[in-house]
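Enquirer: Chains as they are written, first to last, in UniProt numbering: chain A, 1 to 300; chain B, 1 to 300; chain C, 1 to 300; chain D, 1 to 300; chain E, 1 to 300; chain F, 1 to 300.
Hints are not guaranteed to be accurate.
Which copy is meant is left open, so a pair is good if it fits within one copy or across any two.
Simulated crosslink set (EDC-like; lysine to aspartate or glutamate; CA at most 16 angstroms straight-line) [to be verified]:
hint, residue 1, residue 2
1, Lys121, Asp166
2, Lys23, Asp210
3, Lys121, Asp92
4, Lys208, Asp166
No lab work stands behind these hints, which were simulated from the structure alone.
There are 6 protein chains.
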Amino acid sequence: MTPMEQGLGKARVLVEALPYIQKFAGKTVVIKYGGHAMVDPVLKESVMLDILLLHSVGIRPVLVHGGGPEINSMLKKVGIESQFVQGLRVTDAQTMEIAQMVLLGKLNTEMVSLLNRFGGKSVGLSGKDANLLMAVKKPMQMPNSSGKMEDIDLGLVGQIQSVTPDILNTLLGQGYIPVISPVASGEAGETFNVNADTAAGKIAEALKADKLLLLTDVRGILREVSNTDSLISTISRGEVETLKAQGILSGGMLPKVECAISALDGGVGSVHILDGRLSHAILLELFTDGGIGTMFKGDA
Amino acid sequence: MTPMEQGLGKARVLVEALPYIQKFAGKTVVIKYGGHAMVDPVLKESVMLDILLLHSVGIRPVLVHGGGPEINSMLKKVGIESQFVQGLRVTDAQTMEIAQMVLLGKLNTEMVSLLNRFGGKSVGLSGKDANLLMAVKKPMQMPNSSGKMEDIDLGLVGQIQSVTPDILNTLLGQGYIPVISPVASGEAGETFNVNADTAAGKIAEALKADKLLLLTDVRGILREVSNTDSLISTISRGEVETLKAQGILSGGMLPKVECAISALDGGVGSVHILDGRLSHAILLELFTDGGIGTMFKGDA
Amino acid sequence: MTPMEQGLGKARVLVEALPYIQKFAGKTVVIKYGGHAMVDPVLKESVMLDILLLHSVGIRPVLVHGGGPEINSMLKKVGIESQFVQGLRVTDAQTMEIAQMVLLGKLNTEMVSLLNRFGGKSVGLSGKDANLLMAVKKPMQMPNSSGKMEDIDLGLVGQIQSVTPDILNTLLGQGYIPVISPVASGEAGETFNVNADTAAGKIAEALKADKLLLLTDVRGILREVSNTDSLISTISRGEVETLKAQGILSGGMLPKVECAISALDGGVGSVHILDGRLSHAILLELFTDGGIGTMFKGDA
Amino acid sequence: MTPMEQGLGKARVLVEALPYIQKFAGKTVVIKYGGHAMVDPVLKESVMLDILLLHSVGIRPVLVHGGGPEINSMLKKVGIESQFVQGLRVTDAQTMEIAQMVLLGKLNTEMVSLLNRFGGKSVGLSGKDANLLMAVKKPMQMPNSSGKMEDIDLGLVGQIQSVTPDILNTLLGQGYIPVISPVASGEAGETFNVNADTAAGKIAEALKADKLLLLTDVRGILREVSNTDSLISTISRGEVETLKAQGILSGGMLPKVECAISALDGGVGSVHILDGRLSHAILLELFTDGGIGTMFKGDA
Amino acid sequence: MTPMEQGLGKARVLVEALPYIQKFAGKTVVIKYGGHAMVDPVLKESVMLDILLLHSVGIRPVLVHGGGPEINSMLKKVGIESQFVQGLRVTDAQTMEIAQMVLLGKLNTEMVSLLNRFGGKSVGLSGKDANLLMAVKKPMQMPNSSGKMEDIDLGLVGQIQSVTPDILNTLLGQGYIPVISPVASGEAGETFNVNADTAAGKIAEALKADKLLLLTDVRGILREVSNTDSLISTISRGEVETLKAQGILSGGMLPKVECAISALDGGVGSVHILDGRLSHAILLELFTDGGIGTMFKGDA
Amino acid sequence: MTPMEQGLGKARVLVEALPYIQKFAGKTVVIKYGGHAMVDPVLKESVMLDILLLHSVGIRPVLVHGGGPEINSMLKKVGIESQFVQGLRVTDAQTMEIAQMVLLGKLNTEMVSLLNRFGGKSVGLSGKDANLLMAVKKPMQMPNSSGKMEDIDLGLVGQIQSVTPDILNTLLGQGYIPVISPVASGEAGETFNVNADTAAGKIAEALKADKLLLLTDVRGILREVSNTDSLISTISRGEVETLKAQGILSGGMLPKVECAISALDGGVGSVHILDGRLSHAILLELFTDGGIGTMFKGDA
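Please model the complete structure; the sequences and the hints are all you need to start from.
Expert: Rendered as structure tokens:
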């Protein structure tokens, strides 16, 4: 191919994207970023470029990130060991301090740096900034040895009570891309660790976002677990119960599915479960006809 | 290629365009549209899609169109014959009426239709709307049989005196794409035909546009006339006189070159002479490194 | 009279107009302009001056024009003959092209020129600009020779489906006077001819206009057809059915009356049927107590 | 004349006013109101109607009033006698209190009432509101019996030091008509009586007004004092010295002329000395070709 | 105490006020000012300083003043005697003129002066400005000698019909402190005297104010009339009827109580009856925990 | 004292603060917070309350913090040892990562929490957010063993090249209090440690701040080092050189003085060196006559 032909090919790709660009212009898209895509530097760059492209065609992206492995590694470095209850880390003050330092002082600021280096205007936030996320202690119960339910103290694990999205609207209105760490404030000023998927969902609701994208380490919802060709592209709100009854929405995907349902019911237009291990997963989902993951669609 | 691979390829193209998109976001680009690109329906569509893509990535495009062949054909249909003096049509009131009907009532509205059908918000204007273009009768002299210079009356051929770009700023500020016919008002309310290149240049100046693109039926400025490989990609304002002296800027290109120089001197950032016969010429010029035509660049 | 006395007389007239000016300040008035007033150059000027005066005292006028005779004359010039079905011209593509050229490229731009020459800031639009008017093919049926109803194909005669008044609000908000040609877009980008009265009425509804003025070639609604002294000045929405039953609203006036009723029901404050053959008919209607035509008044 | 003919005559007067209306739209006009026009109830109403008409055609009028006779009558009622030095009332605290009550609590509020009753939105102010007018004690000297110059204490007679027009811009921007009493604040909070002509001039300067109108009890500047046919319609800034030298600008008119010159030099476009004893003097001056008084015009 | 210790003490007081400042920031507070606080110059200054402090911490204060004693003294000076019917002054035109001069031309402007001298930006208004207060004649009936009810003509005593708060919103939005005299316009342009408490209440309603403060010459509502220790700090809307039944809300306080109830029912957040004879009564009420007067609190 | 007397005393303190509040309303004040005041929890709270009080009276505070001791303690915890060259820590990537985690993920967010808990709306930023601070590697030279100057590599110690204050203006305009960590971005996306005093100074310049407050662990500039009674309250820009020559501006204070001079020369109104060990040092400096530290004042 001559350079002219190559150029022409590229121009055609751009023009083919036009209907998608026009369709999403001005929309708010909240992206939960975590898992493998946050560890692999090539994927990390690919995610940031996707977000900048969305922004450059008039979409208002908001990034909410997770951070498990890095927190573990830092806790180890300073010699703190954690206990887990049903997969949740019991979080004492020391642990919370380390978690917050890693989330906000390392991961968040790294993403902000990347976005800005590639020409964006990004601002990092924690849920404590401008009281964005207010939380209370997450209640938990477990049967004790004699089978009676007992309260379990998870420490500073929080459950989001309210979202004040003013700061996000201010930043989005000025063209900034907000990057948010999943940390929340309690009434008494304490710091709570909150689940990043849930935080992204609640923020999407508060912003009346059009889309919530959850980057995961799976292909999406599969009709048959071990067959990636059995990916379900679209699930309407109304089909959820049936699919649950069929055992298709189950196991490890259930928390993500619950998050998706809650967001839809809270007014978000659609929720997408994507495979963050794929390059440019976000663009592929938004800018191709079928998309590459599973979209949960509100009934309205 | 699997659909996934194809998608990935397209995503990469989009991401490669990011630096160009970021560079031009918010800029005003005036496009003179005429010649072959206005006759061939495939090219016409390609130009409109290019403009819509520019718009969708945050550029503010303004379209100024010509219209020669269609006017001729309509004049013929109604039985009006024209005289030409040095390539300029002597324009009596009847001719002007037909010209205006074709320009505004046919060509302009066709482009507006196309842009709107492809998802844009476009508004057609003539230079008479909101006093956008004010003109006076273009003065002309020619030697008579005894060699003495004599005034020639070209009728309603106008020379632009002033541009009032308020209406364009209003429309651009609300996301509309203006399409402008090269017709101007005289002080006494008369209608003047004005040169479309000049109109585009003056409008670009008045808007303090970043770029003026002139779509032509040639490849650009060639160092050797018959060798399209000898295309000069960039000419700085300072080099113009040398190139003129070398005879490289000459002949049929001279009016376009004069228009370019005048726009640069009036504050336009760069002026591009493009080959409108190429598909997606506008995108190729703006969104590839070398571009495909000749860019005249201001010295500042 | 001394010049001082003359001046004083004029000052008194201005001051007498004050209550009307105060009453209408800030109101939107849509004016359908057609018939004799569009043919006679003295009346044309009188209409334009009336509109400019309205504008200068704080009213927001919108002009919608018709154009029958000029279209006919141009069709004749280029040798196109038209068929009519129940008074509607069967409009093929060629006819539509000529109609559009005359409406937009001649009549509309002439009014814009006049308004601007007298000190206004006017902008011409067709219904295709900014998707102002969207239409579908007008359905029609007629009995065939055997008396059975059959679909009649009127070609590009359109029926308005929706009005997007954003461009009008943008222009009015900046002090421009919009002049609109009765041409609309179809979904597939085709061009439809639409009835100018209906267009004016739909636009008045979409703008939540206070008044719709229909300039006609009759005095208004007469109680006795041949007695101009029997003019009815005001008809409330509630009286319409009675007057229809009495045969007073009938015949050639019926389409205008239907247009008026539809606009009232769509929220326009009042609809006025005026005699456009009278000088300054618009000012006389708005700025004198009784007015000179017939006002249909909403019940609310 | 039939009512229709009468109506038509009135419509023509309105349309004739159009060029003046267009010329003055958006301009700020400060009007000093005093003398006979403030005493005669018919003239008072005529002035208020003129001001409302100006306002209704887009002019921004500001009214500054005087109040001599009413203050005298109130002082008499409460038994205060005044001393005068060179025509200036020596103003002790008691006198100032009465003057202020009459100006602000009676005259100002009466005008506001009239303007509002005729459909305007007017707000009364004194120069003390929002620190509009700040003044210092007016210095004065007179020769004593032995011919030596001595300071004379005029009491609370003030000389304007600064104008803070913010409150006027706020009110004008919202469509209110400000009516201002000539009272100013001193640094220490004291109240000063200031000359109404001077106050109007200084306010016109601070507002960068286009026109200052001084309503007086004379015809304007006459070339021959006793010949009202010798009225000079226009005096340019450059002619002033010559006319002074000729004794034409002299005597009782001199303070008004000085006020006019000072305002012109401060940037006001033109200053008009009008005969307030004539009905509708303001409209006659602004809306007829020659005007009825004398206009001082800046050279720029 | 060293100066440093003194400073520290003061800093602590400021910091202690922080929660109150934060609580009231942006709120609108209407203050009825009258009685002893308007006569004593020290108290007058204290009230003005309190208002300026409120303003400086982000509260939007509006001042409505009364003026009894000063009006009486001026009426006496000019020899007008008044009749009273059930405590209301029969107000003829002459009396109204004097009242208005005193209220607007003396008292109002004095407060404006004080506020401005202490660094504020204040503007004086009467209810006639911008049609702020429209009133009708207050109806009254009394039994005549034979016990039959008869209409009593109170002259220009008015009853407020409507409040147009636009001018207040304009001024508050620009940081001005409005000071309002209790004078209203009638439909026919006449001037009515209105009760200042009622005026303050109606204005508070129209502004949707958070608080209405009534400065009086009593301590507030006392459970036992002669025991100032029996002050009731808070009365909820629901308790009012009970307290009336107990005779606690009775006598001279009843009009104030009715005013408070009416304001609460009209949407004002709380109404406070304060002792204006105490220095800094306003600050003490708003910025201390218990307050110093009686607060009537809406139920919502 | 009775509670009433106490209340009155407090009210008087508030009113005494009025002139200071009025003087500083709307001004921007940048505060460098570090040293002892950042370690002692009581002082920390006192600083935050001072800042909230400033904010509540209309001042726009910006907080820039340091963080030495906490970084050291964390470096120790993870076993990283630092080298120092002329008091500057040689900062490798690992050290920078820890420093950034402590600054942004611990100290900054703690202050944000405190401010928000006390009723503020605060947002934490690093200099990398929105490209607020861009830096280059700080050049350094030292004589080597043979006395020749040699470049010293300090690692990621940065020198500020440019400040983009847009994000601060956005946040301040919406009532947020920004808290900034002294970390900057390099062109290539690297992270630089920058001096907090310098960062505060450069930010103050970029914001055209009225005041820069440097909280230190000394009383201010003393004429005699060991005599705290010899504090110099005000130093004008012009006096600086003399005081340097006298040896009064020297030693440990020199860097702060240089920072002050640079800010003054960059357009900041005044720079204050305060003793952060004193409770409410900020209020004492701004809201008492003499202040408690040393103010450097620009000459303009």
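Enquirer: Against this structure, judge whether each hint is valid.
Expert: Okay, the hints, checked on the actual structure:
no.	hint	verdict
1	Lys121 / Asp166	between (18 angstroms within a copy, 11 angstroms between copies)
2	Lys23 / Asp210	within (11 angstroms within a copy, 27 angstroms between copies)
3	Lys121 / Asp92	neither (35 angstroms within a copy, 27 angstroms between copies)
4	Lys208 / Asp166	within (12 angstroms within a copy, 24 angstroms between copies)
Checked against the numbered hints above, the structure violates only hint 3.
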